Amino acid sequence: MNVLRIVATALVFSSLTSCNQEDASIEQPPGAPAAVAGDEIYLGMTESSAMDLAKERGQPARVIKRNGESLSTTEDYRTERVNFEIENGKVIRATRG
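Numbered by our numbering, the letters in the sequence shown go through residues 14 to 110 in order.
No wet-lab data here; the hints were simulated from the structure. Given the structure is predicted, the values throughout are model-derived calculations rather than measurements. Possibly wrong hints are sitting among the right ones.
Unchecked claim - Straight-line alpha carbon distances no greater than 25 Å define the calculated DSS-like cross-link-like pairs of lysine-lysine that follow: (1) K103 to K78; (2) K78 to K68; (3) K103 to K68.
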């Protein structure tokens, strides 16, 4: 059973790291899984719309930067969480972690 879990984890990680990363607006910290397809949908949305959509999708979400000012956040890394950077009320960047 453990071997199957290891193989499944390796396959998932491999498929995540092979995703297209051409969109520079979806950035990942070094060593993080690749951007999840569909996160680019948040770009250009209002903050409240992006948070509502994340909730509908069952994704934890938070704003980490607003109008160039970094906000206080926890340092835990969660691959399912979407982090938003907001400029003038709109999402300009979406990252995971």
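Structure-based check of each hint:
1. Restraint check for K103 and K78: satisfied, since their Cα atoms lie roughly 11 Å apart, inside the 25 Å limit.
2. For a cut-off of 25 Å, the pair hint linking K78 to K68 stands: about 19 Å separates their Cα positions.
3. Pair hint K103 plus K68 holds up; C-alpha atoms about 17 Å apart against a cutoff of 25 Å.
In this structure, every one of the numbered hints holds.
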